[in-house]
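Number of protein chains: 4
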Amino acid sequence: MRTFRLIIACPDRVGIVAKVSNFLATYNGWITEASHHSDTQSGWFFMRHEIRADSLPFDLEGFKQAFSPIAREFSMQWWVSDSAQRKKLILMASRESHCLADLLHRWHSGELDCDIPCVISNHDDLHSMVAWHGIPYFYVPVVAGCKEDAFNRVTQLVREHDADCIVLARYMQILPSALCQEFAERILNIHHSFLPSFVGAKPYHQAAQRGVKLIGATCHYVTEELDAGPIIEQDVVRISHRDSVEDMVRLGKDVEKMVLSRGVRYHLEDRVLVHSNKTVVFD
Amino acid sequence: MRTFRLIIACPDRVGIVAKVSNFLATYNGWITEASHHSDTQSGWFFMRHEIRADSLPFDLEGFKQAFSPIAREFSMQWWVSDSAQRKKLILMASRESHCLADLLHRWHSGELDCDIPCVISNHDDLHSMVAWHGIPYFYVPVVAGCKEDAFNRVTQLVREHDADCIVLARYMQILPSALCQEFAERILNIHHSFLPSFVGAKPYHQAAQRGVKLIGATCHYVTEELDAGPIIEQDVVRISHRDSVEDMVRLGKDVEKMVLSRGVRYHLEDRVLVHSNKTVVFD
Amino acid sequence: MRTFRLIIACPDRVGIVAKVSNFLATYNGWITEASHHSDTQSGWFFMRHEIRADSLPFDLEGFKQAFSPIAREFSMQWWVSDSAQRKKLILMASRESHCLADLLHRWHSGELDCDIPCVISNHDDLHSMVAWHGIPYFYVPVVAGCKEDAFNRVTQLVREHDADCIVLARYMQILPSALCQEFAERILNIHHSFLPSFVGAKPYHQAAQRGVKLIGATCHYVTEELDAGPIIEQDVVRISHRDSVEDMVRLGKDVEKMVLSRGVRYHLEDRVLVHSNKTVVFD
Amino acid sequence: MRTFRLIIACPDRVGIVAKVSNFLATYNGWITEASHHSDTQSGWFFMRHEIRADSLPFDLEGFKQAFSPIAREFSMQWWVSDSAQRKKLILMASRESHCLADLLHRWHSGELDCDIPCVISNHDDLHSMVAWHGIPYFYVPVVAGCKEDAFNRVTQLVREHDADCIVLARYMQILPSALCQEFAERILNIHHSFLPSFVGAKPYHQAAQRGVKLIGATCHYVTEELDAGPIIEQDVVRISHRDSVEDMVRLGKDVEKMVLSRGVRYHLEDRVLVHSNKTVVFD
Chain A
1 MRTFRLIIAC PDRVGIVAKV SNFLATYNGW ITEASHHSDT QSGWFFMRHE IRADSLPFDL
61 EGFKQAFSPI AREFSMQWWV SDSAQRKKLI LMASRESHCL ADLLHRWHSG ELDCDIPCVI
121 SNHDDLHSMV AWHGIPYFYV PVVAGCKEDA FNRVTQLVRE HDADCIVLAR YMQILPSALC
181 QEFAERILNI HHSFLPSFVG AKPYHQAAQR GVKLIGATCH YVTEELDAGP IIEQDVVRIS
241 HRDSVEDMVR LGKDVEKMVL SRGVRYHLED RVLVHSNKTV VFD
Chain B
1001 MRTFRLIIAC PDRVGIVAKV SNFLATYNGW ITEASHHSDT QSGWFFMRHE IRADSLPFDL
1061 EGFKQAFSPI AREFSMQWWV SDSAQRKKLI LMASRESHCL ADLLHRWHSG ELDCDIPCVI
1121 SNHDDLHSMV AWHGIPYFYV PVVAGCKEDA FNRVTQLVRE HDADCIVLAR YMQILPSALC
1181 QEFAERILNI HHSFLPSFVG AKPYHQAAQR GVKLIGATCH YVTEELDAGP IIEQDVVRIS
1241 HRDSVEDMVR LGKDVEKMVL SRGVRYHLED RVLVHSNKTV VFD
Chain C
2001 MRTFRLIIAC PDRVGIVAKV SNFLATYNGW ITEASHHSDT QSGWFFMRHE IRADSLPFDL
2061 EGFKQAFSPI AREFSMQWWV SDSAQRKKLI LMASRESHCL ADLLHRWHSG ELDCDIPCVI
2121 SNHDDLHSMV AWHGIPYFYV PVVAGCKEDA FNRVTQLVRE HDADCIVLAR YMQILPSALC
2181 QEFAERILNI HHSFLPSFVG AKPYHQAAQR GVKLIGATCH YVTEELDAGP IIEQDVVRIS
2241 HRDSVEDMVR LGKDVEKMVL SRGVRYHLED RVLVHSNKTV VFD
Chain D
3001 MRTFRLIIAC PDRVGIVAKV SNFLATYNGW ITEASHHSDT QSGWFFMRHE IRADSLPFDL
3061 EGFKQAFSPI AREFSMQWWV SDSAQRKKLI LMASRESHCL ADLLHRWHSG ELDCDIPCVI
3121 SNHDDLHSMV AWHGIPYFYV PVVAGCKEDA FNRVTQLVRE HDADCIVLAR YMQILPSALC
3181 QEFAERILNI HHSFLPSFVG AKPYHQAAQR GVKLIGATCH YVTEELDAGP IIEQDVVRIS
3241 HRDSVEDMVR LGKDVEKMVL SRGVRYHLED RVLVHSNKTV VFD
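Residue numbers (the numbering used here), protein chains in the order written: chain A, 1 to 283; chain B, 1001 to 1283; chain C, 2001 to 2283; chain D, 3001 to 3283.
Bear in mind the hints are in silico, worked out from the structure with no lab data behind them.
Certain hints may be false.
Said to hold, decoys possible - Okay, the calculated beta carbon distance ranges per label pair: (1) C:R2159 <-> D:R3072: 35 to 43 Å; (2) B:T1032 <-> D:R3002: 32 to 40 Å; (3) C:Q2041 <-> B:G1134: 43 to 51 Å; (4) A:E224 <-> B:R1238: 38 to 46 Å; (5) A:V237 <-> B:V1245: 22 to 30 Å; (6) A:Q209 <-> D:R3013: 20 to 28 Å; (7) A:N28 <-> B:T1032: 28 to 36 Å; (8) B:V1245 <-> D:W3079: 24 to 32 Å.
Stated by the list, open to error - Under the rule of at most 35 Å between Cα atoms (straight-line distance), these lysine-lysine pairs were calculated in the DSBU-like manner: (9) B:K1019 <-> A:K278; (10) C:K2278 <-> B:K1278; (11) D:K3064 <-> D:K3088; (12) C:K2278 <-> A:K87; (13) A:K278 <-> D:K3278; (14) B:K1278 <-> C:K2202; (15) C:K2064 <-> C:K2278; (16) D:K3202 <-> B:K1087; (17) D:K3019 <-> D:K3202; (18) A:K278 <-> D:K3019; (19) C:K2278 <-> D:K3202.
Glycine is no exception: its CB is placed at the ideal position from the N, C-alpha and C atoms.
Next comes chain A alone, as it looks inside the complex (with noise of 0.2 Å):
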């Protein structure tokens, strides 16, 4: 069922829902799913209605024609989504298969309602399983020295590609300050700790060494600090004393692509909005 996606914040006040449920109202909009938050500490209101789009009277460009007198009104910052028009997602990974496997295997299957133009990655490993699923592998390699002209090739392939958001499936490299800010709030990345434990290398070293009796993932948006940008999504499993760094690694790759692939859905049924770092998930 096609469905029209209106994300909403503003600055809380009285009259809100009102107005946007009247507006919906007015053009007989059929609400299949409708979400409020007020966050109390900051005065912001978020909301998000998910609307069928065959219940409308208009088309996207329509619907934000109609809708902007009363952004304006609220000083909303606002986006209108199409859930006929596909995001384009480009998977980016390093060696790892799992978030991979697991993110093809569910776009493969129906479960992921995106388009995936293409995979870079820094190594060829994985080429053959990309190519089964017919997309695109671009080798991109990322030498010491040279990492400039590797990520200006990323740069032009993200750009060819079109993309809508690119989705770090374990590429275990920094990405340039100017791409995170080309795409600030569309690259997911997935870290292998629960943050804001164990920031960078070897979290499941880090772990063992410090005896704790849970690991974690977290799925985030990237920004130029590293670790550090808004949580999106986490999950921990328990370990124990019997559990070396190669058992964390393997149990530890079940909570990643299970949470990568939760927070990878969230963002592109346009459930995640971020305000001052954190973010509100309308799950």
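Put chains B, C and D on the given structure of chain A with help from the hints.
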């Protein structure tokens, strides 16, 4: 902060949200929380609003009168409650103290917003614990052959104390049908299994017999059919071959009290709507 | 690191551990993992040792001969396996790909230590996915009225490929009794409910009907009675009123594949002992 | 059932288990529980046995004497305890009652096998609750500038009551180094975050600030470095954007008391072994 809670269930159609939010906006109502749910299978719509009482120009009675025309127009099943009118909750227990002690502590430390006019038990074991909390304790033995007398006494106590709801905190007796009907959707029970598995007596023994790897607890509204009422909340805990039935009982206690306290909280805050023997819980 | 795994179940009595650990110490066996369990209810004792093969002076056959007298003395049910002799595991699937894809990926990335001589399915849908992994795929349609022929073919394939165990990765067909008996405690199934709730067909529909707040999955050994075999592993995921049956199916898939992969791993590593239709899992 | 608990940590080598189990078998010891762990990284071996006291021909002192030669031979760090000699556990609290009430209830209902000679607090708020349980309550205010006096009094009380261990049930004061050293690996604290995240004050505020999706609690042994001691147990609970800091505090309380009670139980049953600032927990 004092709020009014407006709870609505009605057949779904376009314009409900607009009508209700307009009503609230017209009177300048400050919505602190709003939740909607459209059940596509049954075609019903469910809604809960929490509105600051001091933002509205009327008291509870005035609210009811003002809202009634809308309720009629949309054939709503609805109620509005005032957070300042604390619900009167009667606790019933047997000999096991864990659920009773947990609820009493939450009430005593201000976490459960209700009055507890009395505790009723078919044993005298927990008398002193209840007395320490300054709550009257009624010992009503349930003797085989004279159960009717006992439940007449229970019914009388419940009425005398003007109870809004009853919580069976491991009461272990089956209430008479008449009481179940009089307090329909207002008697909460905790069953020590993950329903619908292991209905009836000794669920942990049943679980041990079947060799399950998780045990659970279920908070549900009591209906005349044993352990078959609408489920409000459930949770589980992992067990292994190392756990004897005694271990399961011990581990299960923690799940029972957590699940019951969450269910009670949802009920007290008017977060639970029942439809077709299922619940919508706006947590 | 190559290990021998010694698995023992016997009536409990004083001296078993001493005898077995003496045996291993005498031959200078380097124990990398040891687990014991005394079941006080049944009076049985269960034990699993993992010993570095290179620390012992004999091969698997030699081990068996040397240990036999002890086994007889204590009336042990026992086996010893060599981690270097990878089990031959046949996968059976139907049209749903999530469990099969998950197991194939784990196998392909080296996480599951086994051989997969072939995949058998009653549909041809997953042929290409299996072929990419370099594994033979046998399409054996199961047609009402000719089921016997189909299962004769399945049995023949299983024997030809010399299978050690069979994993029903959402196969959705009931295996004939003869095959269940021939592969007793060697056929693993994933049932898409938290057993013993919702036995049989369409468990997610049953769960939606009952209004449970968690859904689950169960990995168990197949016996002749449907969904009643010894449970190896279970897990659950939280749902709410917002989740339709379709959502449950989607959320359930992740639980199914996680639970099945854990069960398969336990089986492959000889961690599961069955007694009185229950399992001891030395994880 | 009275048991002896034999706990051993020593450098790993072939023959330890054989030696120990032979020792026990020689004296006809009935092992009710046995756990081993080889830490391949550190090369240490850890073992815990629980043996029926009535199956052995000696008392605790006799056990120690008989076992000493083996302990010397293998350079063991070891102890043996008698379940009939209940540990003396002193509880320290501040104003928050949830952890204290939970532990007291578990003790009162027979779930925690220990004596509680007294409760010490820097506030008088929980006096009556403790008194109801029949336990002496010492109010020792900690005033800025006179902290040394206060902790001298605490130390004196701890010694007078011959404490085996101390549990900081949200005590919220930093103990002096001398006391930490005197009771090394015998002071348990509950920290209201998932360590190592959010060390120090106001962890829920820190968590809200960072926008995490799970909050947790950590039970650890107290060392001189704040919140850096060996972790015994941890757990988490899911939160969302809907949860204010006050909600986190409320939800966190349940995790704190569960985690602390599990940690205390493990400690009381001699299930925790500390090595290199990490724990082996034989649960």
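ask   = What are the numbers of the hints that this structure violates, sorted from low to high?
value = Of the numbered hints given earlier, those the structure breaks are 1, 2, 12, 17, 18, 19, listed in rising order.
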